[in-house]
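Trainee: Single-letter residue listing:
2 protein chains.
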Amino acid sequence: MKAGGGKHTRNAEEYVCDVQCIHPDLVEELEKNIIDGDTASELSQIFRVMSDPSRLRIISLLSKGELCVCDIADALNMTQSAISHQLRVLRNTQLVKFRKEGRVAWYSLDDDHVLKLFTTGLDHVGHTEP
Amino acid sequence: MKAGGGKHTRNAEEYVCDVQCIHPDLVEELEKNIIDGDTASELSQIFRVMSDPSRLRIISLLSKGELCVCDIADALNMTQSAISHQLRVLRNTQLVKFRKEGRVAWYSLDDDHVLKLFTTGLDHVGHTEP
DNA sequence: TGAATAGATGAACGCATACTCATATATTAT
DNA sequence: ATAATATATGAGTATGCGTTCATCTATTCA
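So the sequence lines, in the order shown, correspond to chains A and B. Anchor point for the first sequence: position 118 equals 165 in the working numbering, and the numbering is continuous, going up by one each time. Anchor point for the second sequence: position 32 equals 79 in the working numbering, and the numbering is continuous, going up by one each time.
Hints are not guaranteed to be accurate.
Identical copies carry no separate label here, and so any pair may be met within one copy or between two of them.
Under the rule of at most 25 Å between Cα atoms (straight-line distance), these lysine to aspartate or glutamate pairs were calculated in the DMTMM-like manner [unchecked claim]:
{"id": "1", "residue 1": "Lys147", "residue 2": "Asp83"}
{"id": "2", "residue 1": "Lys144", "residue 2": "Asp159"}
{"id": "3", "residue 1": "Lys163", "residue 2": "Glu148"}
{"id": "4", "residue 1": "Lys147", "residue 2": "Asp85"}
{"id": "5", "residue 1": "Lys79", "residue 2": "Asp99"}
{"id": "6", "residue 1": "Lys147", "residue 2": "Asp159"}
{"id": "7", "residue 1": "Lys147", "residue 2": "Glu89"}
Hints in this document: simulated from the structure, not taken from any laboratory.
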């Protein structure tokens, strides 16, 4: 650690703290279980994308089926531009896919994981999907 | 919608677009399926908390058991202050809980949903937990 | 061909937030 | 009581991001 700290280990019923010594066994044990920084960053991106209310509502809509941009904009009462920007974010992170039909772009969820994350999250906040 | 837009509906095999008219059936259908703004905000908070690499690594560590602040700081090679700030965020959103034992604070995950979100996320990025 | 429309996108503004630094609080040891 | 330790926290700074506004491309219609 870099500031203000010591080091603790469980030792039967008592907790031993010491600043200078590091307990290699615990550290090693811990370090096996840490996801590395790259994985953490990669993972954080998915959650980051799902951490915006507008994007969640888009996902909520798309969980029911394919929709075009202006349907979404209308349903959420947001500008086409705002929706389009958000859809790009969702596209870039592979959470949604789309197909072009004339000048209409139809969007849909790309992955079941997204839906699972969404419903698990809803579960967590104590709501259930309609 | 507020800018640049029309309105589309699936109509058998053809898609009808019209700007001024709103198709009440589709809108109504959609609006039943939208999570409301409050729910979206509430849900976004959980994902927001899980959208930071440092917090994810903390969660990763705590998924293996109870740890004190300086254990975490040491394992992640971050300052005690930074960890403490992040733990407060995790505490305030009920993702972790803690107990005080003397001057040592032992933290652990508060909820199985957290772990489920974490592992589902890892699944999504194609990693599996060690 | 020219007008209208669906959507995409760059710039800019405002707000949120992760970390650092300094310091405060609470507990243990001497 | 005094010193040391474990953690918490406020202020400040830098970075990231969501939305708006203006504009651009591509497609359809007249």
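Trainee: Hint by hint, note whether the structure agrees.
Mentor: Verification of the supplied hints:
1. Taking the closest pair of Cα atoms, Lys147 and Asp83 never come within 25 Å of each other, the shortest separation being 38 Å inside a single copy and 29 Å across copies.
2. Taking the closest pair of Cα atoms, Lys144 and Asp159 come within 25 Å of each other only inside a single copy of the chain (12 Å); across copies the shortest separation is 30 Å, beyond that limit.
3. When the C-alpha separation of Lys163 and Glu148 is checked against a cutoff of 25 Å, the pair qualifies neither within a copy, at 28 Å, nor between copies, at 37 Å.
4. Taking the shortest Cα distances, Lys147 and Asp85 never come within 25 Å of each other, neither inside one copy (34 Å) nor across copies (32 Å).
5. With identical chains, the CA atoms of Lys79 and Asp99 are at most 25 Å apart between copies only, with a shortest distance of 20 Å across copies and 32 Å within one.
6. For the identical chains of this complex, Lys147 and Asp159 are intra-copy neighbours only, at 22 Å inside a copy versus 40 Å across copies, given an alpha-carbon limit of 25 Å.
7. With identical chains, the CA atoms of Lys147 and Glu89 are never at most 25 Å apart, being 29 Å at best within one copy and 33 Å at best between copies.
In terms of the numbered hints stated before, the structure departs from hints 1, 3, 4 and 7, listed from lowest to highest.
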